[in-house]
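Visitor: Hey, can you work out the whole structure from these sequences and the hints?
So the protein sequences, as listed, match chains A and B.
Mapping the first sequence onto the numbering used here, position 112 (from 1) lands on 112, and the numbers just tick up by one.
Add 1000 to a position in the second sequence, counting from 1, and you land on the number used in the numbering used here.
If you're looking for bench data, these hints aren't it; they were derived computationally from the structure.
Because the structure is a prediction, the values reported are computed rather than measured.
A virtual CB, placed ideally from N, CA and C, is assigned to each residue, including glycine.
One or more hints might be untrue.
Stated by the list, open to error - Okay, the calculated beta carbon distance ranges per label pair:
#, chain 1, residue 1, chain 2, residue 2, range
1, B, Ser1307, A, Arg290, 48 to 58 Å
2, A, Pro344, B, Gly1460, 49 to 59 Å
3, A, Leu303, B, Glu1185, 27 to 37 Å
4, B, Pro1038, A, Val131, 44 to 54 Å
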Amino acid sequence: MGSATATRAPITSTIRVRLRTPAKLRNRELLLLVPAAAVGLGATLLVDLGATGAIDTGMLALVAIPAVLALVIHVGLRVIGRESDPFLLPIALALNGLGIAMIHRLDIAGGRAGWEADAVRQVAWTVLAMVLAGAVLVGIRNHRVLARYRYIAMAAAIALLLLPLAPVIGTEVNGAQVWIRVFGLSFQPGELAKIALAIFFAGYLMTARDSLSLMGRRVLGIRFPRVRDLGPILVIWAVSMAVLVFQRDLGTSLLYFGLFLVMIYVATGRASWVILGVGLFLAGGFIASRTLGYVGNRFLAWLDAFNPEYADEQSYQLVQGIFGLSTGGILGTGLGQGDPDIVPFAQSDFIMASLGEELGLIGVFAILGLYLLFVSRGFRVGHEEPDDFGRLLGVGLSFVIALQVFIVVGGVTRVIPITGLTTPFLAAGGSSLVANWIIVALLLRLSDSIRPARPGAAA
Amino acid sequence: MNRELRRVSLVVLAMFAALFVSSSVIQVIAEPELTDNPLNVRTLYASYDEQRGPILVGDTAIAQSVPVDDEYNYQRVYEQGELYAAITGYYTLNQGVTGIEASLNDELAGTSGDAFLSRLNAIFTGQEPQGNAVRLTIDPVVQQAAFDALGDQQGAVVAVEPATGRILALVSKPSFDPNALAGHETGQVIAAYDQLVDDPADPLANRAIAGDLYPPASTFKVLMAAALIDSGQATADTTVPNPPALTLTGTQTTITNSEGGNCGGTEQVSLADALRLSCNIPFAEFGEQLGQQTIREYAERFGYNSSVEIPLASTPSRYPVEAESTDRVQLSAFGQGAVDATPLQVAMTTMAIANDGVLMQPTLVDSVLRPDLSELSSFEPQEYGRPVSAETADAVTRMMISSVENGAATNARISGIDVAGKTGTAENAPGDPYTLWFTGFAPADDPRVAVAVVVENGGGRGDEAFGNQVAAPIARDVIEAVLTR
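Guide: Encoded structure:
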């Protein structure tokens, strides 16, 4: 890349120039961080007042830590990412804080305290995740370097996917083989793999988009890709099916494949890839549901959830979660005043049911609205990024969040069968937090390189 | 690329729209249905979240919710559970709710419309929302007297204030301890419940208002006499032939009077003497004269063939609606055959006679009180109906007084007080023990209480004992308890 040296010199000069102009976006971000921090702190306060009637200052201090770290990142952005999007950091902080408050609420119900408390560990993971996000922002000053590492990203993604199947460290939780356990800490490497995959897809599609756009035979009025170009989609499909069969995780499988389909569609503009992919996935899913007992069971427990035969066993979690949501109604029972702990995994897989019970439909809409705003900010990156790699990566990273929210919340609200994915930023779990905060960092970095067309600014 | 991105945005919007719709359906549209789903344990938990109101007798709580440290927050406790079980019923986690606990659940739980304002108030004042208290009409002294007088017998006692319909005592034996069913250990509760269900004596049956019903036997003659006089078919002095045995019309079945022989030794016997001596044959003859439809009409005026809500719903007492053969009408005229009654129904007949022919609606509820014990609603006496005229009631009263003074119900006598009464001795299947009755009221000129007593299994004496020997003394104890208040 010959242009690298050419652009290096002006960076220092633009910094000098920008320091004199007011940091409008950063001021907006600071303004938004105040209510975002208030969400976590206020929710924690209400949880304690609602559940125990006393204020837990220790917990409030813990919840303040992510807010302080967000402020540190904000100050850092004033120097190394002045033009980055002002909504991403506050939304992530608000959701993260709300999640910690609900996890704390379930700790109270479960009588967990100290290091046993999920909320304390969640704060610790949040700190780690935000530090890593900061490191990404500092370490990756220009997202284009990531394109160079696309095959390393691919190798990393495959390694991360295989880890849970490795002996000794691989662990099965609730029938899904998607965890590793090292030094007593469990981790879902698949969460990080989605970032690696997005980088790989963006890098690969950036170079291959032209040949993949070429179309072959026309079937039923739609031009389908040439057979010789089918290799990549078949490989990704095989990987997704392998995740489904060997790791027994429908959600992760769906997430990776959906990510690939959207990115290849955006890159090539050919709907036939999507039709082909959806067909492949449905066929694979259908065969899996017929041959793999656990997939078939999940389907039955989804379609006939309220059948008393399933409601005590397979669909117990789903049905109790739905009862929790309906109990919440429009306004919710109030934080700390419902019974979300009836639902198994109320702090992780079913945290949306817990939040819906205590915050009501209003709370659910607000949370979904925050996600939608987050995703739309990411899509804006895809829309306005000057280079193809950045656009594809922006779209991929934001879509993966949208799809994950849909799969998880859709599972809880019975739109689709339940899967084992986590709700981004909200659910208890370190791997999910680390991965999603890194996505925040990458989207911040990507958005910083959008040069708004200002009068006098160099194109 | 931007065209594709717009389409992907639309897909994302559609995905989120699906989530907005699905959560709205669950949290708003399907909410009532989900709340009522029997699998929904939250509905159950919620009913324990707030302190359920107490059931009061006077100012004493006979059922109340006390705070406990478990997921249900409150434990229902029944003071003197066995004494009041037929009234309070029980409030269980998953074996249902009965008695006042069920009939006045909305008030006790604080979910009735009236309670809405106090709930709103509780939200603003920060008080724990609480159910309303229900105060009963029961007099603890009379209730205890009835409970003790019935002793270990199987049966029931109902005592009512005729002028108001206020129920002073309501006992069904054998009783049970509702505390055994109110626990939070589901296994123990189910075990206790199964034990009660399997008990051959059927302690869960409320014999006073429900249960299997009993032939009212000779207590039905009170209703018959009232119907005969009120319809103008007879007066107290109207006579019928007085044979020692009667073959029922169109059958080979012969009936006799319970004491054998004819009724008082005369050729003809008057209605007054037939009732005083409780003779079957004259009433069979009177019944044939009066006819099924007229008897039924009067029986229904007194409450037969309807459920009475006190507010516990009684089992309707039965007088046949379909046309019956004459012999069946003759049998039912002295309370056998196809007529069956609850002790409450027998008491209602007596109440109307005691109250100049005006039948007051019997009730257990005196008032509903807010958590601060201010009155939310209070009981107003209500007329159930006017089955017979005051003159008829007066004539029947005089016959019932004679029955106690020098007739078949002498064991109900109380010195210095005129007691009006009528015994009953119901034959069941051949060889089975009798069902023994007494019903009456006192003082006869200004009635303060009307009672109905039923004792199953012949009071332990098979088919040897009469109502006068077993049921009348129990009624006398209850009446005395009222009169000495």
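Visitor: It remains to establish, for every hint, whether it holds in the given structure.
Guide: Evaluation of the provided hints:
no., hint, in the structure
1, B/Ser1307 with A/Arg290: 48 to 58 Å, "56 Å, holds"
2, A/Pro344 with B/Gly1460: 49 to 59 Å, "57 Å, holds"
3, A/Leu303 with B/Glu1185: 27 to 37 Å, "35 Å, holds"
4, B/Pro1038 with A/Val131: 44 to 54 Å, "50 Å, holds"
Hint compliance for this structure: every hint is met.
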